[in-house]
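Position chain B against the provided structure of chain A, taking the given hints into account.
Here the protein sequences come in this chain order: A and B.
Here the first sequence is numbered in our numbering, starting from 1 and rising by one per residue.
Here the second sequence is numbered in our numbering, starting from 1001 and rising by one per residue.
These are computed hints drawn from the structure, not numbers from a lab.
Glycine included, each C-beta is placed from N, C-alpha and C at the ideal position.
Among these hints, one or two may not hold up.
[Said to hold, decoys possible] Partial list, derived from the structure: chain A residues whose beta carbon lies under 8 Å from chain B:
#1 Val41
#2 Asp44
#3 Arg45
#4 Trp305
#5 Thr309
#6 Val340
Now for the letters of each chain:
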Amino acid sequence: MFLAIDLAFIIEKLVLIIIVVMGSLLIAMYATYAERKVAAVLQDRSGPNRAGPFGLLQPVADGMKLFFKEEIIPAFSSRFLFILGPGLAMITAIMTSAVIPWGNTVEFFGRTISLQIADVNIGILYIFGVVSMGVYGIMIGAWASNNKYALIGGLRAASQIISYELAMGISLIALLFLTGTLSLKEMVVQQQEGLWNVVKQPLGFFIFLICAFAECNRTPFDLPEAESELIGGYHTEYSSMKLGFYLFAEYINMFISSAVMATLFFGGYDVPFLDESTLAPNIAALIGIAALMFKIVCFIFLFMWVRWTVPRFRYDQLMHLGWRILIPLALFNMLLTGAVVLYFNK
Amino acid sequence: MQALTNRVKTVSRKPMNFLERLYIPAIIQGMIITFSHIFKKNPTISYPEQTRPFSPVFRGLQILNRDEEGRENCTACGLCAVACPAEAITMEAAERQPGEEHLYREEKYAARYEINMLRCIFCGLCEEACPKDAIYLSETFTPADYQRKKFIYNKQELLIPHPKEDPEAYKKALGNRAKQQDSDTKN
Chain A
1 MFLAIDLAFI
11 IEKLVLIIIV
21 VMGSLLIAMY
31 ATYAERKVAA
41 VLQDRSGPNR
51 AGPFGLLQPV
61 ADGMKLFFKE
71 EIIPAFSSRF
81 LFILGPGLAM
91 ITAIMTSAVI
101 PWGNTVEFFG
111 RTISLQIADV
121 NIGILYIFGV
131 VSMGVYGIMI
141 GAWASNNKYA
151 LIGGLRAASQ
161 IISYELAMGI
171 SLIALLFLTG
181 TLSLKEMVVQ
191 QQEGLWNVVK
201 QPLGFFIFLI
211 CAFAECNRTP
221 FDLPEAESEL
231 IGGYHTEYSS
241 MKLGFYLFAE
251 YINMFISSAV
261 MATLFFGGYD
271 VPFLDESTLA
281 PNIAALIGIA
291 ALMFKIVCFI
301 FLFMWVRWTV
311 PRFRYDQLMH
321 LGWRILIPLA
331 LFNMLLTGAV
341 VLYFNK
Chain B
1001 MQALTNRVKT
1011 VSRKPMNFLE
1021 RLYIPAIIQG
1031 MIITFSHIFK
1041 KNPTISYPEQ
1051 TRPFSPVFRG
1061 LQILNRDEEG
1071 RENCTACGLC
1081 AVACPAEAIT
1091 MEAAERQPGE
1101 EHLYREEKYA
1111 ARYEINMLRC
1121 IFCGLCEEAC
1131 PKDAIYLSET
1141 FTPADYQRKK
1151 FIYNKQELLI
1161 PHPKEDPEAY
1171 KKALGNRAKQ
1181 QDSDTKN
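So that you can see chain A by itself, here it is in the shape it has in the complex (with noise of 0.2 Å):
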């Protein structure tokens, strides 16, 4: 009886593990294909139209191309850590989507299923230490690669993320002073029931937006990458598919942190002035994560959006947003959310 319940509990959650994988694989195999439309749009191009109707085959033709392109390993490169590097990268891409909840519960075969991975109730705090784990994929490759150009990028990458991950964190605390909670799932629920997070904490939203930009490694903050100074930072010797899962990793990790701020800020699965409880549970369930997609690709368009108007940092100027203007203001707006929490509930 037992073995039963746990079989049907495994296969529950293999199940959604198997489809959140593909399915932010798929969104972040078409997030490079909406990247070159909206390049093209926005710079009045065409973007790619050949392969497929409208181009939508582009990124299968990419990823043919990838895959089959001769591989190259540099001769004095460290072997074991040149190929652990991509891995990671991709790894701890993909690791962070098990605590985000894509939507409420659905009932099938009369069981209630959640549509989320693992709600742990330290889930933001898990999404932070993956994320910050995930620089070491850059951080190994670029060492691994023995050329001075990746080793730049990958220095880069790791003071960058240092800097932009205390900043993130402080204003990530003021939020959790009002949520009272790590969890994503609880902070959905509260979300739904009162006021979206974003309208009580806008600064700490800006600031966590900011340094959401400068963790993905884009633009204005793509210093690690920085083609045209770097040719190519941490991935300058990579090739083949190696070179795919660093440039499928940075896609997987906007669509992740659009995900996340989705679920912090903008209410997760909640759909404004909207009663989910009046309706089906899994009509409700679709419609919430009909309303989840839709905020990530918003999120995502604005990565975009942002990617083709500013142009990038100088390194001093990133150090200075980052070190003296952000990490303050983190730490203000900190000290006014507790001040505020704590004024309200004498």
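Using the frame of chain A, we list chain B on its own:
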């Protein structure tokens, strides 16, 4: 110091104010500009499907002309070869035999007629030199091939399609020139 021209513009060196140093208004301005480009018309021409309209005097690849009954106009007089500044045209003349009247308009014709398209500079002097209206420059351009020798076009490749046997291809090959001919006959 006296300015050298009256077009000198002095650059403002005044320190940025707080809003400017904040950089965020500038970013938002820039993002509005990029967003507005979503609604702008895209000037791209999807090339193989669409082509740009050329002016009627555009000079592309040469075509050897036929008359209305499909007879070749060329008499292999060699004036085009003489006129050609790039020396791209080679030809050999032959005499028309009895029974070949439906093939060649006059009693002499070009048995071999070659243009080296790698040498050709598309100046159109051959068209001007021709007394028989036998060669003209079409709107076709960008020939592509893997071998240099393929760019030496022989007579079969240069000849316009037969107007009776393949009228559609003939019309297409005439292109803008057909319209010109119409207007010529009207005048």
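How the hints compare with the structure:
{"no.": "1", "hint": "Val41", "in the structure": "5 Å, holds"}
{"no.": "2", "hint": "Asp44", "in the structure": "5 Å, holds"}
{"no.": "3", "hint": "Arg45", "in the structure": "6 Å, holds"}
{"no.": "4", "hint": "Trp305", "in the structure": "6 Å, holds"}
{"no.": "5", "hint": "Thr309", "in the structure": "5 Å, holds"}
{"no.": "6", "hint": "Val340", "in the structure": "24 Å, violated"}
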